[in-house]
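**Q** Those sequence lines, one after another, are chains A and B. Quick note, the first sequence lines up with residues 2 to 326 if you use our numbering. Quick note, the second sequence lines up with residues 2 to 326 if you use our numbering.
Incorrect hints may appear among the rest.
Identical chains blur together in the list; that is why a pair holds if it fits in one copy or across any two.
[Said to hold, decoys possible] Restricting the straight-line Cα-Cα distance to at most 30 Å, the calculated cross-link-like pairs of lysine-lysine (DSS-like) are: (1) 35 with 259; (2) 228 with 259; (3) 228 with 168; (4) 63 with 168.
In case anyone wonders, no lab produced these hints; they're calculated from the structure.
Protein chains: 2
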Amino acid sequence: MVELAECFLPVEDELRALEDQIQRELQTSSPALKSLVSHISGYAGKRLRPALVFLSAKACGKDVTADHLRLAAIVELIHTATLVHDDILDGAEVRRQVKTVNAIYGNQVPVLLGDFIYARAFAMSVELPTPDASRVLARVTQIVCRGEIEQIFDRYDFELDEAVYFKIIEAKTAELYAAACELGALYAGAEAVQIEALARFGRKIGVAFQVIDDCLDLIGDEAVVGKSLGTDLEGGKLTLPLIRLGATCDLLERERLKALVIEDGVLDRRARLMEEFEIGPALDYAFQRADDFIREAMVELEALEPTSARNALRNLAEFVLCRKK
Amino acid sequence: MVELAECFLPVEDELRALEDQIQRELQTSSPALKSLVSHISGYAGKRLRPALVFLSAKACGKDVTADHLRLAAIVELIHTATLVHDDILDGAEVRRQVKTVNAIYGNQVPVLLGDFIYARAFAMSVELPTPDASRVLARVTQIVCRGEIEQIFDRYDFELDEAVYFKIIEAKTAELYAAACELGALYAGAEAVQIEALARFGRKIGVAFQVIDDCLDLIGDEAVVGKSLGTDLEGGKLTLPLIRLGATCDLLERERLKALVIEDGVLDRRARLMEEFEIGPALDYAFQRADDFIREAMVELEALEPTSARNALRNLAEFVLCRKK
Numbered sequence: 002m003v004e005l006a007e008c009f010l011p012v013e014d015e016l017r018a019l020e021d022q023i024q025r026e027l028q029t030s031s032p033a034l035k036s037l038v039s040h041i042s043g044y045a046g047k048r049l050r051p052a053l054v055f056l057s058a059k060a061c062g063k064d065v066t067a068d069h070l071r072l073a074a075i076v077e078l079i080h081t082a083t084l085v086h087d088d089i090l091d092g093a094e095v096r097r098q099v100k101t102v103n104a105i106y107g108n109q110v111p112v113l114l115g116d117f118i119y120a121r122a123f124a125m126s127v128e129l130p131t132p133d134a135s136r137v138l139a140r141v142t143q144i145v146c147r148g149e150i151e152q153i154f155d156r157y158d159f160e161l162d163e164a165v166y167f168k169i170i171e172a173k174t175a176e177l178y179a180a181a182c183e184l185g186a187l188y189a190g191a192e193a194v195q196i197e198a199l200a201r202f203g204r205k206i207g208v209a210f211q212v213i214d215d216c217l218d219l220i221g222d223e224a225v226v227g228k229s230l231g232t233d234l235e236g237g238k239l240t241l242p243l244i245r246l247g248a249t250c251d252l253l254e255r256e257r258l259k260a261l262v263i264e265d266g267v268l269d270r271r272a273r274l275m276e277e278f279e280i281g282p283a284l285d286y287a288f289q290r291a292d293d294f295i296r297e298a299m300v301e302l303e304a305l306e307p308t309s310a311r312n313a314l315r316n317l318a319e320f321v322l323c324r325k326k
Numbered sequence: 002m003v004e005l006a007e008c009f010l011p012v013e014d015e016l017r018a019l020e021d022q023i024q025r026e027l028q029t030s031s032p033a034l035k036s037l038v039s040h041i042s043g044y045a046g047k048r049l050r051p052a053l054v055f056l057s058a059k060a061c062g063k064d065v066t067a068d069h070l071r072l073a074a075i076v077e078l079i080h081t082a083t084l085v086h087d088d089i090l091d092g093a094e095v096r097r098q099v100k101t102v103n104a105i106y107g108n109q110v111p112v113l114l115g116d117f118i119y120a121r122a123f124a125m126s127v128e129l130p131t132p133d134a135s136r137v138l139a140r141v142t143q144i145v146c147r148g149e150i151e152q153i154f155d156r157y158d159f160e161l162d163e164a165v166y167f168k169i170i171e172a173k174t175a176e177l178y179a180a181a182c183e184l185g186a187l188y189a190g191a192e193a194v195q196i197e198a199l200a201r202f203g204r205k206i207g208v209a210f211q212v213i214d215d216c217l218d219l220i221g222d223e224a225v226v227g228k229s230l231g232t233d234l235e236g237g238k239l240t241l242p243l244i245r246l247g248a249t250c251d252l253l254e255r256e257r258l259k260a261l262v263i264e265d266g267v268l269d270r271r272a273r274l275m276e277e278f279e280i281g282p283a284l285d286y287a288f289q290r291a292d293d294f295i296r297e298a299m300v301e302l303e304a305l306e307p308t309s310a311r312n313a314l315r316n317l318a319e320f321v322l323c324r325k326k
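Bound-form chain A, shown alone (with noise of 0.2 Å):
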């Protein structure tokens, strides 16, 4: 079992530092903001995002910079707003143990706190040395929000495929993992090949980051992951352990899977699936494709000298998949 804070020990001071960096960057002369932004700093999580662009400077052996603190503060802000907006789509009442914006003030108030998040990430991503963070972090953007509405068109879609459902989760989790650890090791200074393999390396955990979740969402316990779950399987959401569950059973249990995710006031969608279906070896299928991600992300990791900071990586790439157990 690896312990997230082993994992982030050789990044500890910086991690401390992007608290106040975080602080610092939405201080606001707003009354009504102010009171937004210290709700939402109930939403902090365990800023794995961060941690992997501190992670991927010093594992090119280069130092942590100012730019570093910043680009970790921006991409979990980037992250921050998606979340605050992902309230709104699912309809979710507990984020992180924090009642939601939307629960409080009405979908209004969440829409536009989100839209100053984000505003005030790309804002800091202009003040950096060179437009790259902005460029990729643009870009990224552009690509969770697609990845997002295609998972919603996809609601309710049977005939959703394995290769749709990873290129959906690729966009809208893994693109951000992929660019923290780029952005780590390109303001470092490092080299091409170190680059794109830290950027590879986080684009493969964050698949595997994000089966696992999809398979929490299914069996989870609400209070040790800390938020709403079976939401995707209420939304129509086709996820991997669904989509191999449907693929793998019969004929007649297919139709009684549609029928379960499918019609409306189902009660306890969740329980009824784990008591009528035989989901075991979906489950057990998906957590190992996401164990598939985390080897190959490993051997990325490879291109790069072997340093604490490179096993710290490793650790988080383990971490990834504990958090079925």
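Given chain A, work out where chain B should sit, using these hints.
**A** For chain B alone, coordinates are given in the frame of chain A:
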């Protein structure tokens, strides 16, 4: 009576090229996104902001370049993104709207579509030869969001005074007008004194535009204005005519006004406001304030040499006022 087509005469070709530019920039290989993008082409408004970009360049005696075309598209896309996000409704309201795209996808798709358009606009700004546009537009987007959030927080606040109202509308509307003028002049290589005068010109006509818009929300004809009216009143937004009415009527009337704005389930607030209150003088006052801003805006144009473009800007300012008729 000023015709918009007349104001646009010196930049007719540029505005035609703009339509192609916007289409080209929103091209996508994603079928889901493509269907949404074609949907928002219906949002195409008067193209006031792009016209300001072009006219500002020409009014400084400079040529309109490919950069201006890009700038104009960026500014219009940012405006479009705010419109898309303005349409986000609260759960209850969504249910009442039956046959819209929102009814099919809920609020999810418009939020993501708006985010995508913002990100596209920022990505385009990064491709300009200097970071000025990225810097200005990321800053302005934050200000717009802050202004809109503050307006929401100030709903139903009968203590709201004119100074705060003007601060809010400057943020939520006028700053983007100012940016359009400023960037048009800046990317034409104009002198600082011209750039600053045009920024102030844009800000002033933007404020006037919003004041008129707020008056039309109370007295406009939906068929003429081309959008739902009475929504500010319905949402408890205290705009200039209401603030003025509240500040000038007697105490008893003020209580009746409060009740009309605050009470749930009032059937036709707009009609009742007209019938039960002497709103005329408050509207006249608001129009006069808009007129003042337009006169001040015109003074700013004196920093420029007389050209057909400067004349067009003058006419455009006049046009903003004509909307009341």
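**Q** Checking residue 35 and residue 259: alpha-carbon separation at most 30 Å within a copy, between copies, both or neither?
**A** between (45 Å within a copy, 28 Å between copies)
**Q** Treating 30 Å as the Cα threshold, decide for residue 228 and residue 168: within, between, both or neither.
**A** This pair counts as within: shortest intra-copy Cα distance 24 Å, inter-copy 38 Å.
**Q** 30 Å Cα cut-off: does residue 228 pair with residue 259 within a copy, between copies, both or neither?
**A** Result: close within a single copy only, 26 Å intra versus 41 Å inter.
**Q** Is it within a copy, between copies, both, or neither that the alpha carbon of residue 63 lies no farther than 30 Å from that of residue 168?
**A** Neither, since 33 Å and 47 Å both go past 30 Å.
Violated hints amount to a single one, hint 4; each of the other numbered hints is respected by the structure.
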